[in-house]
Amino acid sequence: MVPVSAYLILAVVLFGIGAIGVLTSRNMIVLFMCIELMLNAANLAMVAFSRALNVVDGHVIVFLVLTVAAAEAAVGLAMIITIFRNRETINIDRYSILKW
Amino acid sequence: MESLILSLLIFFPLLGAILVALVPSNQHSTIKGVSLIVSIITMILSFAVYSWFDEVATGMQFEVNYSWVTSLGINYHLGIDGISLLLLVLTTILTVLCIISSWNSVTKGVKGYFVSMLLLSTGMLGVFCALDLFLFYVFWEVMLVPMYFLIGVWGGPRRVYAAIKFVLFTMFGSLLMLVALLYIYFQYQAFSGEYTFDLLKIMGMPIANQAQLWLFGAFALAFAIKVPLWPLHTWLPDAHVQAPTAGSVILAGVLLKMGTYGFIRICLPLFPDATITYMPWICVLAIIAIIYGALVSMVQKDIKSLVAFSSVSHMGFVMLGLFALNMQGMQGAVLQMINHGVSTGALFLIVGMIYERRHTRMIADFGGIAKVMPVFSAFFMIVTLSSIGLPFTNGFVGEFLILLGAFKANYIYGVVAASGVILAACYMLWMYQRVIFGRVTHEENKKLTDLTGREKLVLIPLVILIFWIGIYPKPFLRRIEPAVKVVLSQVSRASTVQLNEKFELEPVPVYGETGEVLEKTLTDNTGANR
Amino acid sequence: MDFQLPEYNLQLMLPEIVLFVWALVVLSFDLATKRKSGSAVGYLAMAGVLITGIVLAFTGHGQGFGQMFVADSMAVFFKMIFLCAAFMAIGSSFGITKDKIVNHRGEFLGLMLFSTVGMMFLASSNELLSLYVGLELTTIPLFALAAFFKDDKLSVEAGIKYLVVGAFSSALLLYGISFLYGLSGSTDLLLMRLNLAASALMDYPKVAMVFVLATITILAGLGFKLALPPFHQWAPDVYQGAPTPVTAFLSVASKAAGLVAFAKIMVIGLFAYYDPFVAPIDWGMLVGIMAGSAMIVGNVLAVRQTNMKRMLAYSSIAHAGYIMVGMLAMNELGLASVGFYMFAYMFANMGIFAVVALIEERTGSAEIPDYGGFSKSSPFLAVSMTIMLLSLTGIPPLAGFFGKFYVFAAAIRQAGSDPVHQWMYWLVGVGLLTSVVALYYYANVIRTMYFGAQTDVPRIEFTAPALTVILIGVIGTVVFGLMPNVVVEFASQIPISDMIILP
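Line order of the protein sequences matches chains A, B and C. First residue of the first sequence? That's 0 in numbering that gives the first Met the number 0, and the numbers climb one at a time after it. First residue of the second sequence? That's 0 in numbering that gives the first Met the number 0, and the numbers climb one at a time after it. First residue of the third sequence? That's 0 in numbering that gives the first Met the number 0, and the numbers climb one at a time after it.
Be careful, since some hints might not be right.
Over 10 Å on every C-beta distance to chain C, these chain B residues come out as not near it, computed from the model [claimed, not checked]: (1) 54; (2) 68; (3) 69; (4) 148; (5) 158; (6) 300; (7) 363; (8) 364; (9) 440.
Only pairs whose alpha carbons sit at most 20 Å apart, straight line, appear in this in silico EDC-like list of lysine to aspartate or glutamate [claimed, not checked]: (10) C:149 <-> A:87; (11) B:300 <-> B:197; (12) C:152 <-> A:92; (13) B:473 <-> B:355; (14) C:152 <-> A:35.
In case anyone wonders, no lab produced these hints; they're calculated from the structure. Glycine included, C-beta positions come from ideal geometry on N, C-alpha and C.
Put together the whole structure using the sequences plus the hints.
Right under this line is the structure:
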């Protein structure tokens, strides 16, 4: 049986990739995908803990997190489309009218 | 009525301010009239307080105590003793005179000006009446805002700089005071189990020596900035020179007294051990202020900044008197607080009057005014002499008592401080001579008109006070005496607590103990301490 | 298997349900009138908030859905703040005449109400899952609101920035939550608190490391939400770009929501690990550093700003710092002072933003130098703004002063309680020094309004709702400064409410 720590390490790695992606990526879409990656890392950790502790809370949370993430993505993509119409770029470095 | 009168006195100007604010802003004469009436009624109220005041009783009078923020133990606690009484009367008189004096000189933003004056008056009166530390702090801060506007809107060319400097300095000090206040609050809770800011209750609490030093430092910094004690005085000349005449009068006459009043009311009774420890330091600073203020005054070219620096010098006398920690010194200091309010207030008014005519305050622009404006010169003479401290004027009584006290505490203080009196005579008389005597050197000065009736009306009450205090100071001293005795007994009481730890004596009760014995104990203690 | 259904106590949720339904009504009312409802829909939304407030006042305390949903003093107090903020934000949004909002008033208001519902759920949540969902329901509508002026480049950019930061911080928070869940075996905050207290983390270095990781990610997530340095850079941009009523709502309600989340997770959940002797990480000190730097960064950078909204953004960073000082005082004054400070801050800040919105609508500028001579053309607004700015500065007898006083009182108490906490004195010291700086830049605005170079500020016309908002701001500021007793009594219930029992 795969120990819990393996899942957790995977979750940490996923989260790390996501977080680094958010901080370094200049492309709005990639950036958004990285955020999803972070959320999924959290989901993985949650499920792993849930299984290890033998309680169902974690599974329930994952479902809700998926829903919330979907909502977030919906609003996010709509806004990306808006700003693309507005500026014709999805490079976040160009969004600099306001002093970053 | 007697229990209500203090609240009425404090909040009547506020009520008046609201009333004035409701008048349409183009009806200047109504605004001025209402403000004048309000301030006169306030003055009459303060006279009523004065006449009802029991001059021999010790302790606080006209006390009221209501719960304000119950869960935090904050009370609306007012009460006055002789020291506050005189300051209250001074405040109300000066407010009336200021309002009369700015009758024609204020042309823009008339409504805002008079509203600010009245609000300021509420703040000042509140500070002198508050017996709850929180309430004290609230009033202390409240008067910052109208003063900021008075300097910032109606002041001279560099008014904004001066206003901000004034506010930043004061705010810095008072925030430190806030921390110290909170520390005491929790200390008292640990001591008695009760949350309270009540000054009279906290006075009964012994505070550890080390803590006293810190707390005294925090409070003293706030008060010393206000006094202002050298080297914290740098905001004062700016604020004075830039402020409008009435602003300067209030600033010199009342606001500076709030600093010394804070020392008497809070620092000395609450932190007696620290008081005795710090006493020589503060005395030295006060003496430096006396000499420094006098020397800098001597080289000023602007009359107003000369008067401003002379304030530093005079307030140094007050501080010296306070920290002489004996009956004469402290009585003199309290009297000198009043004197300085009267004579420096009058000086600022006089400078304002000549400034209105000539639009300059440079000494070099004047000369030979005596021929053109004889009445003005006479008033100027009286006020100048009072500021110097000539016998039969008020300044003499105050400074004499202070010097007496200083000699008693340490004769070196007395000797050095006395030289300040001589310097004062130098710079004041020299200035007077250059402005008033000699030939009329400037064409513009030939056309100057003498004082109008309104201006005389402003100066006459001050001149009366100058001579009254100078010739017959007894009614004032009599009212100060019990209050000063109480303060001294508190200083000596807690230092006996300090002694008790060594000698296991019974502590002396806080209130009701008066007389020479305590004074003697005190002087002995300070002597031993040194 | 014996499975017992928990007690629902649905009536406790009544305010949320009412507001939620009302938000739907507002949305559909605008549609039903073919988007011609004009300001009527605004009044409808304000009425909804008012009614919710009344319902809230009559809904008792208790627990529902097992222990997942609590209505205790803390929840009710903060819900009141959210509702007041929403009411005032809606009121100040009436003046907006940009084409975008004329056609989409229903959505604008609906989103704002949904966000408020999210905050209310957040305030009542007693476990991590509903807390997370409440937080997301709060922020997702705010992303859209920040970018509401679709053709305004600033607004859209602000929205995108808020979106990135908001989503990122939520992910951080969720990640931390997942580890806390794993360590404590429960999402229930009280159980978590007990379990964490019982497990001696220090004895298992690897587990302790996971705990440290969880704490840091949670602090980072909450730090972003509250705009505490070093996670504050987004705030000025978003505040400047977003529509002014949204900025107001962000700076008050969303900040209060972040505070509630912080109080629940850190102060309640991780209480046992506040003490540096047992915790693998002294999070109190960590947050203390964040709070201290918030006061310094916020106040110092605010001095240089020329844009009013940006200046207020920095000042709100600083205020978050002051509030955190109160939060860190883990005694019975702590949370009460946080509540009071937030309450006072709400009145002043919402009122100021209402005035800023009015000026912006009229002159198209939120630059401070353009306020010169404003006191001549609109004396009432200038006086109101002055009073509220003074309250933010902390000048007595206004509410803001009492808030500051209360917070510092709590902190000094904590600092004096134990030598370990003496660093709180430093925090108080920093708070005091930076207060003087704050005075400088607030006074600068007042100075410009009253003594600044004359620009031709036209007379500002205001609508009845905007006037109401400003009056509420001024009256709240003055009345709760003079009579803080009412709120203090209420706020001092917070720490002794049903769920938190502080030692």
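Verification of the supplied hints:
Annotated as non-interface, residue 54 of chain B keeps its C-beta farther than 10 Å from every C-beta of chain C; the closest such distance is 33 Å. The beta carbon of residue 68 of chain B is not kept farther than 10 Å from every beta carbon of chain C, the shortest such distance being approximately 5 Å. The claim that residue 69 of chain B is not at the interface with chain C is violated, since a C-beta of that chain comes within 10 Å of its own (minimum 6 Å). Not every beta carbon of chain C lies more than 10 Å from that of residue 148 of chain B, the smallest distance being close to 7 Å; the non-interface claim is violated.
Not every C-beta of chain C lies more than 10 Å from that of residue 158 of chain B, the closest at about 8 Å, which undercuts listing it as non-interface. For residue 300 of chain B, the non-interface assignment is confirmed: its Cβ lies about 27 Å from the closest Cβ of chain C, beyond the 10 Å cut-off. Look at residue 363 of chain B: its CB is around 30 Å from the nearest CB on chain C, clear of 10 Å, so calling it non-interface holds up. The claim that residue 364 of chain B is not at the interface with chain C holds, since no C-beta of that chain comes within 10 Å of its own (minimum 28 Å).
The non-interface label for residue 440 of chain B is consistent with chain C: the shortest C-beta to C-beta separation is roughly 36 Å, beyond 10 Å. Between residue 149 of chain C and residue 87 of chain A the alpha-carbon distance is near 14 Å, which keeps this suggested pair within the 20 Å criterion. Of the pairs offered as hints, the one joining residue 300 of chain B and residue 197 of chain B is violated, with about 47 Å between alpha carbons and a cut-off of 20 Å exceeded. In summary, the hint linking residue 152 of chain C to residue 92 of chain A is supported, as the alpha carbons are separated by about 15 Å, within the 20 Å threshold.
Our distance criterion of 20 Å between C-alpha atoms is broken by residue 473 of chain B and residue 355 of chain B, whose separation comes to about 37 Å. Under the criterion of a C-alpha separation no larger than 20 Å, the hint pairing residue 152 of chain C with residue 35 of chain A is inconsistent with the structure, at around 26 Å.
In summary, the structure is inconsistent with hints 2, 3, 4, 5, 11, 13 and 14 from the numbered list given earlier, while agreeing with the others.
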